[in-house]
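2 protein chains.
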Amino acid sequence: MKSILVTIPVNESHKARLEAVAGPNPVIYVPVGEVTEEQIRSANVIIGNVPAKLIGASENLELLQLESAGTDAYIVPGVLAKKTVLCNATGAYNRAVSEHAMALTMMLIKKLYLYRDSQNESVWSDHGTVSSPVGATVLVVGLGDIGMRYAKMMKAMGAYVIGVKRRAGACPEGIDELVQTDAIDTVLPRADIVFSILPNTKGTVHFYTEERFRLMKDSAVFINCGRGNAVDGEVLLSALQSGQIAAAAADVTDPEPLPAESPLWRQKNMVITPHVAGGFHLPHTFECIVDIACENLEHHLKGEDYRNVIDFETGYKK
Amino acid sequence: MKSILVTIPVNESHKARLEAVAGPNPVIYVPVGEVTEEQIRSANVIIGNVPAKLIGASENLELLQLESAGTDAYIVPGVLAKKTVLCNATGAYNRAVSEHAMALTMMLIKKLYLYRDSQNESVWSDHGTVSSPVGATVLVVGLGDIGMRYAKMMKAMGAYVIGVKRRAGACPEGIDELVQTDAIDTVLPRADIVFSILPNTKGTVHFYTEERFRLMKDSAVFINCGRGNAVDGEVLLSALQSGQIAAAAADVTDPEPLPAESPLWRQKNMVITPHVAGGFHLPHTFECIVDIACENLEHHLKGEDYRNVIDFETGYKK
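In order, the protein sequences belong to chains A and B.
In this text, residue positions in the first sequence follow the working numbering: the first is 40, and each later residue adds one.
In this text, residue positions in the second sequence follow the working numbering: the first is 40, and each later residue adds one.
With the rest of the complex left out, here is chain A (with noise of 0.2 Å):
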């Protein structure tokens, strides 16, 4: 018998799916907050981000399957034993995050953060030329799902569209042309608009240095969805205040929560949300997590392969 520990927020027909699934082996549900260490170190099964620290690398833990695309926490040496099989979300925040990516690019550059600021002093202003996504060039710096599905929305209007990936490999459907991360210097001068999904390894920290800012148009807009650290919060600023690039919109930032003496609130031609392109905002997002959690609990309990396993070393999908 398995003991399957449960710290997701499902309601009845959730429970009613993963049960099914789990047949005999008993099911516990404990919200996320309340749950305890002898919970955790006694379950052989965890679906949900439990506190990384309360795992201890358990050995009892034979697969870990997470409700995030991020992996950051759970991949530091110690936190999970050889034997845990580490599972992620990756593809249920697809649509979620892709879509709000996609609106605040469409809000920059049709500069309606402009105009919801000059409301809110009651004024008829106007702010000038704006531009469309038609023959704008797009870079999507990290092609996973949500950067394909970004991709794929833009191309629809009209964009063309450069992915920048790690590894080499064919140009995917969808995408007009395909270069790896380490040559994005040779394509960032030609962006109009740059979408950074990357996520957070070691390659990944302060990759938009103040030099890659210089490389952008100065009519260029960006947008960062993916990590707060892939951005120093001074060199952003910096080439926001400067004119190195017209205006940038960021769901993630570094640190999180952004504390309130930050200068990025302030700035003009800034756009901050707070880490909320993801999450459960999308209803759809969380019907995602149940399916990949039932079908991984299910390769688990048949012995089967997994969807969705990371590799410890670079935190990315096997």
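A hint or two may mislead.
Since copy identity is lost for identical chains, a pair holds within one copy or between any two.
[Claimed, not checked] Below, a list of computed lysine to aspartate or glutamate pairs in the EDC-like style, where the Cα atoms sit at most 20 Å apart: (1) K307 / D156; (2) K307 / E160; (3) K256 / D224.
Calculated directly from the structure, the hints in this document are not laboratory data.
Using the hints provided, position chain B relative to the given structure of chain A.
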């Protein structure tokens, strides 16, 4: 010889194109703010929205090519002589306005206006669930070029699109369902998103009544990029305050500019942009207007049929 008056802000390359079409006929360029009654009265062809009151049903005027899609000021009796052919710039605003409307739609359903307000208070706060265009039912009220382009974008993002059109006809490609304007009440209760792009005609003044807002879902969002008088400001305010609909955005108001004392400015779930969706905010728009002007000038000089001829009775394209 035909005397041609151009009041749109053309550059040298536009002038060269117009003059190539004009041939030996004299072309004079006067900014619309400086144009005199005499210049208007002696012109045989005018390209640009000259003040209607200065035209005085001039018998010299054979062709008036507007730079706008709206024709309201020019179809009033007494403005144009019977012989004058009136053409608008339908089509030129298609890209700019449909994209602005789509950007407003995404801003509403992703709650980006609330996040901008929180940002201006340096507050990291979560505004709850959002919705997606995937599976949303979108009503496009007014199915001209702009409405069709908006419809196609929303459909590409996964929406189910119901077109609402004055005249019966076959359901156009890219539209899932078509209803006639006078049957709109049968589909309003199904809509998650209502996009209005109605022109200003006898039949469209205060089209969105209190009763029609009551028919909408309380989760619906309403976007108006047509004419401000399609909805009475107080009716809209009341629908927003009472929760009959979730949020609204308008690029057009009645009157314009919206007076600073209007409570609509300060209504939290209302987004206002100051009639900037069209105009010359997107450089592409002006290129399209010059294309239409060159084409119609050529057709006029050669005695051929025009593009975008307006029916004085309806204000619509014939």
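Contradicted hints - numbers only: none
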